[in-house]
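There are 2 protein chains.
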Amino acid sequence: VTDIASVKNPRVVAVTRLHRRKHRRAERRTILEGPHVITEALESGIELLELYTLDPADDLANRAAGTDCPVFRVTPVVMQRLAPTEHPRGPIAVISVPAATPPRHHDAIVMVGVADPGNAGTIIRSAAAFDHDVIVWPGIDIWSPKVVRAGAGGHFRTRIIGGAPDPAALHTIGITTAALVVSDGLSIDAVGPGPVALFVGSEPHGLPDEVRAACDRAVTLPMSADHESLNAAVAASIAMWERFRSR
Amino acid sequence: VTDIASVKNPRVVAVTRLHRRKHRRAERRTILEGPHVITEALESGIELLELYTLDPADDLANRAAGTDCPVFRVTPVVMQRLAPTEHPRGPIAVISVPAATPPRHHDAIVMVGVADPGNAGTIIRSAAAFDHDVIVWPGIDIWSPKVVRAGAGGHFRTRIIGGAPDPAALHTIGITTAALVVSDGLSIDAVGPGPVALFVGSEPHGLPDEVRAACDRAVTLPMSADHESLNAAVAASIAMWERFRSR
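In order, the protein sequences belong to chains A and B. Numbering follows our numbering, in which position 202 of the first sequence is assigned residue number 213; successive positions increment by one, without gaps. Numbering follows our numbering, in which position 11 of the second sequence is assigned residue number 22; successive positions increment by one, without gaps.
Fair warning: there could be bad hints in the mix.
Stated by the list, open to error - Chain A regions said to be covered by chain B (calculated; three or more residues, Cβ under 8 Å):
{"hint": "1", "segment": "58 to 66"}
{"hint": "2", "segment": "137 to 149"}
Stated by the list, open to error - Label-pair distances were calculated between CB atoms; the ranges are:
{"hint": "3", "chain 1": "A", "residue 1": "A25", "chain 2": "B", "residue 2": "T78", "range": "50 to 60 Å"}
{"hint": "4", "chain 1": "A", "residue 1": "D69", "chain 2": "B", "residue 2": "T78", "range": "38 to 48 Å"}
{"hint": "5", "chain 1": "B", "residue 1": "A179", "chain 2": "A", "residue 2": "P233", "range": "26 to 36 Å"}
{"hint": "6", "chain 1": "B", "residue 1": "A111", "chain 2": "A", "residue 2": "P113", "range": "30 to 40 Å"}
{"hint": "7", "chain 1": "A", "residue 1": "A179", "chain 2": "B", "residue 2": "H238", "range": "45 to 55 Å"}
{"hint": "8", "chain 1": "A", "residue 1": "P233", "chain 2": "B", "residue 2": "A111", "range": "53 to 63 Å"}
{"hint": "9", "chain 1": "B", "residue 1": "R32", "chain 2": "A", "residue 2": "A25", "range": "34 to 44 Å"}
Because the hints were derived from the structure by calculation, they are not lab data. In this text the structure is predicted, and so the values were computed from the model without any measurement. Beta carbons: idealized from backbone N, C-alpha and C, even for Gly.
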C-alpha cells in the first residue's frame, strides 16, 4: 500500500483524465466507484488495474491486494479529485473496458441513441435482471461512470455486444427484430417465437425512421390514454420483463 | 407583456427563491419549466400565476396572455437565473402547488421514501400511463422542479393523494395493501381482487420493516438470478403495468 496525499500525483492526474470520454476511449480504460460495483467486477473476473481507497484495511482493499492490483491509500481531498461524484466515499478502481462480444441467438435489447446516462444504465441493469444481451449502438458511452453507476453492476452480469449489428444482420442469425414505438405497434406477446432483439430509441425522439423501417416488427405497450408516455428505460424494461416472463 | 432585463428585479428574485424546497413549501408554489409540462398544466385546468418567456409571440405565451396570467419577456441572462436547469430555453411558469385529494377505491402506488427525484418523477409518469393514483409519503417533495421534469406531465394527468394514508387506513376503505420487496414475496398476479395499493421504498434500503409488516401482502418480481435487482422506478412501473394489464 502506497500513500498518495497530493492531487498533483501523476497517478491521480491520470485517473482524473478518465472522467473525460475522449480519454476513456483513447486508453480503453474506465473508472469504477464504490464497493458494490467494484465487487461485482471482481466477481465477474474483471482484473482491477489500480485501487484507490481511504481505508486500506477494508475488505475490498484486502481482496485487491491479494491479486496483483496496486492499492493506494489516498486522503479525502485526493479521493474528491479522483471520483466523478461530488461526495465520494470510495474506493475507486481503474479497469480496462471489457471487450464486447459478437451477437448470439438470444433475446437482446438494442440501445439506439439512448442519450441519458441514467436511462442507459437502468436498461443495462434490467437486461441483467431479465436475461437479455445488450447491444450498443455506436455513440453510446456505456462505460462512462454515470452509466456504470446507474447499471448497479449489471454491466458485469450481462453480455455486452459490440459491432452494432443492424436489424438485417440480426435477422440473418435468426433473431426477430422489433422496434419499440409509442403507437401503432403489435402487442409484445405477438412477437416471436424464438429470440427477439428489441430496439429502443432516445427520448423524446424515439427510433430513427430507417431503424424502425428495417425491423421485422413494431411493438407498442398499451397505456391508459393516447397522450401518455413512459420513460425510455421503463418502456425497455417492461418489454424485457414481458419477454422474460413468457419464456 | 412587461420586459425584465435585470436579475435583481423583485419578481426574478421571488421566482429564484422557489428553487429551494423551504420556500416552495412556505409559499405553496412551484416552478414549471418548458412548453411541454406547462401545456400539460394548462390542459388539466391549472392556473398559471406568472409566465416568463424569451419570446412573447410564441403559442404558449399567447395562450397564457389570453387568461389573467401576467406574461414577462425576459433576457437570456434572466432566464438562466429563473430556471432550475443549466441551459434553459424557457418558458418558466409559476403555479400554486395543486391540493392533494383524499384516497379512493382505486389502484395506487405509494411512494415511501423514494429519494431520487428522477425515480419519483418516473413513477408518477408511469402511474399516469397505467392509471394508478399516486400516494405520497411525507418527506417526498414531488413538486420539486426535478421531479416535475422527470414526471413529463404525469403530475397533471394522475390523481395525487395526500395525507399519507398508512396501510391500515387504506385497508379500511377496501384497498389491498402490497409491499414491493426484492425477495420472498408473492407473484403480483396473486394480489387482489379489487384495488391494490403498491408500496415502494427507496434504493438501496427498500421499505421500512414496519411498513412492510403493516401491508396485507408482499410482492416480488421474479428475476433471472437472486443477486439481480431493479431500479426502484422500474420495479414500481412493472408492478403497475401488471395491474393495469390484468384489469
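Query - Ascending list of hint numbers which this structure does not respect - result: 1, 4, 6, 7, 8
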